[in-house]
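*Asks:* Once you have looked at the hints, place chain B on chain A.
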Amino acid sequence: MLARTKAKALADRTVDREGKPRYLGYGLGLRAQHYADILNGDPDIDWFEVISENYMVPGGQPLRILDQIRARYPIVMHGVSLSIASTAPFDPDYLKQLKALADRAEPVFVSDHLCWTGVHGVNLHDLLPFPYTREALDHVVARIQYVQDFLKRPLALENVSTYVQFRNSEMPEWEFIAEMTKRTGCWLVFDVNNVYVSAFNHEYDPYEFIAGIPADRVVQFHLAGHEHNMTHIIDTHDALVCDEVWTLYKAALNRFGPVSTIIERDDDIPPLNVMLEELGKARDLAEEVFSA
Amino acid sequence: MTLAEMQAAFQRAIMQGDDDVLSEVLDNSRTSRNVLFGVYRHAYAARLVEVVRNDHPLLHACVGDEAFNELARSYVADRPSQNQNARWFSHRLPDYLTEKHPNEPQLADLAALERALNDAFDAPDRETLTLADLATVSPENWSSLVFAPHPSAQRLSFKSNAHAIWLALKNEEPPPPVETSETPENILVWRHETTPKLRRMSDEEAMMWNEAVNGVPFGDLCELVAVYDDPDGAPLRAAQHLQGWIVSGLLAKHPTED
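Listed in order, the protein sequences are those of chains A and B. Take the first sequence: its position 76, counting from 1, is numbered 76 in my numbering, and each next residue is one higher. Take the second sequence: its position 55, counting from 1, is numbered 1055 in my numbering, and each next residue is one higher.
In case anyone wonders, no lab produced these hints; they're calculated from the structure. A virtual CB, placed ideally from N, CA and C, is assigned to each residue, including glycine. Keep in mind that a hint or two might mislead.
Here are a few chain A residues that sit away from chain B, every Cβ distance over 12 Å (derived from the structure) [to be verified]:
#, residue
1, ASN40
2, GLY41
3, ARG64
4, GLY79
5, PHE200
6, TRP246
No more than 30 Å apart at the CA atoms, straight line, and that leaves these computed lysine-lysine pairs for DSBU-like [to be verified]:
#, chain 1, residue 1, chain 2, residue 2
7, B, LYS1197, B, LYS1159
8, A, LYS250, A, LYS152
9, B, LYS1170, B, LYS1197
10, A, LYS99, B, LYS1253
11, B, LYS1159, B, LYS1100
12, A, LYS96, B, LYS1159
Only chain A is shown next, with the shape it has when bound in the complex:
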């Protein structure tokens, strides 16, 4: 428990001297299946990433659990519906609820995905791709600035797995991301699995992606599993991290240095001890990289 209290105290200093969200260590995506094991035990987890929308509810057990987790661990809020690249106006109620939750939970930072989720009043509840054009860049930059001003905190955005590329894209994804961070000061959640999936689907070199991302903007790694269909890979988050993604993770560590890391599992969720084994592997690989 002492370790937990210390972790929380450290994380309460949410930023380092340069204003970058502080390093949190090795965490997990918080899932309801693990609530009891986490709160009744003292598992070796440094921090949790919570899905914002799961706690954007009026009251009851979800918010109670969040308060209990927050009292013991640093957290990061990770949303799925900000729809930062959508050409539809923001939903003001959604932004107000997101801000209210952030004000209550005091996360180390708030993140979402570099994607859109719907237009014309519809939400498809998916993380959809868009062409990497100057037009899209200007649009996304303006939207990030709006959200950061509204939340009064910097936003971190995650690269998503994509299945199609657009004929009219004017630059590779990493160039778009680099320019986006330069113009907005936003942070990046670097999903190693998503880079692997998109690189396979679109036949580019994932190491070129890693090399193109500004190293000082990356504040978090995601590690996850996927479904390989031979002609393309689907990002399912329902399996163990595969060897190729672990190899890419090592390359990311070499380029970005120590970065707060989580294992993200959204489906077919195994018992907590299985998640901890995978997290242990991430720790061991990082130690191997940094002691070399």
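*Replies:* Same frame as chain A, but now just chain B:
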């Protein structure tokens, strides 16, 4: 094609099967854009059907896999999500089932019961009224007492025996045959501490509940109860209903004006 035009076409391609956007995306060397775009088309319906399934496990158990998938897919097609949070996607399912399956009222009733339980689970928190609070009220003020329901409390009214079907399915027993009645069955759903609860109410209790949550004072509630049955026992029966609500955590500590 502008970003806005592309997004509109992309969404149409997912929701309506329109292929216009395919001319804007690329094949990879292993497979076609049709297959690659198909990932989005498949994931859209599959994900939302799963949301409906998670929100309605006993409706699913009641009708079986095949009928449930058909029902959920039709719902996804007919009522696209309008909320940023998938938590609320299934909310229109009871109305949808009432409209599309008017001769099977147990479907809409079961969906309404599960929706009420889901809503009770994460309804707003509010301190509950206790018997100790009432003990501080002087006898001459009892008749003017007004009550407020806990935000999680909902009264439902069913034409079918959905409650009995729900109970059987919850206990993993074969559900009873569907029955319908002209006299609606009154069900109360609420959250006690952290757990959603439900129970039947008599017609008399349901009438008193309806009036109480509309701000009718306790003295008038006793008079209304007297119209229902034996007038001499009315104050006692009204007090028993009230006590049951308080012990169950159905009433909020403060009246609705806050």
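*Asks:* Hint by hint, say whether it matches the structure.
*Replies:* Hints and how they fare:
1. ASN40: holds, 15 Å
2. GLY41: Given that every Cβ of chain B is farther than 12 Å from that of GLY41 (chain A), nearest at about 20 Å, it holds.
3. ARG64: violated, 7 Å
4. GLY79: violated, 9 Å
5. PHE200: violated, 9 Å
6. TRP246: Label holds. Min Cβ-Cβ 24 Å, cutoff 12 Å.
7. B:LYS1197 with B:LYS1159: Holds, because 20 Å separates the two Cα atoms, which is no more than 30 Å.
8. A:LYS250 with A:LYS152: violated, 34 Å
9. B:LYS1170 with B:LYS1197: Holds - the C-alpha atoms of LYS1197 (chain B) and LYS1170 (chain B) are around 13 Å apart, at most 30 Å.
10. A:LYS99 with B:LYS1253: The given pair, whose Cα atoms are some 29 Å apart, holds under the 30 Å limit.
11. B:LYS1159 with B:LYS1100: Distance ~16 Å between LYS1159 (chain B) and LYS1100 (chain B) Cα, so the pair holds.
12. A:LYS96 with B:LYS1159: violated, 39 Å
Hint check: violations occur at hints 3, 4, 5, 8, 12; the rest are consistent with the structure.
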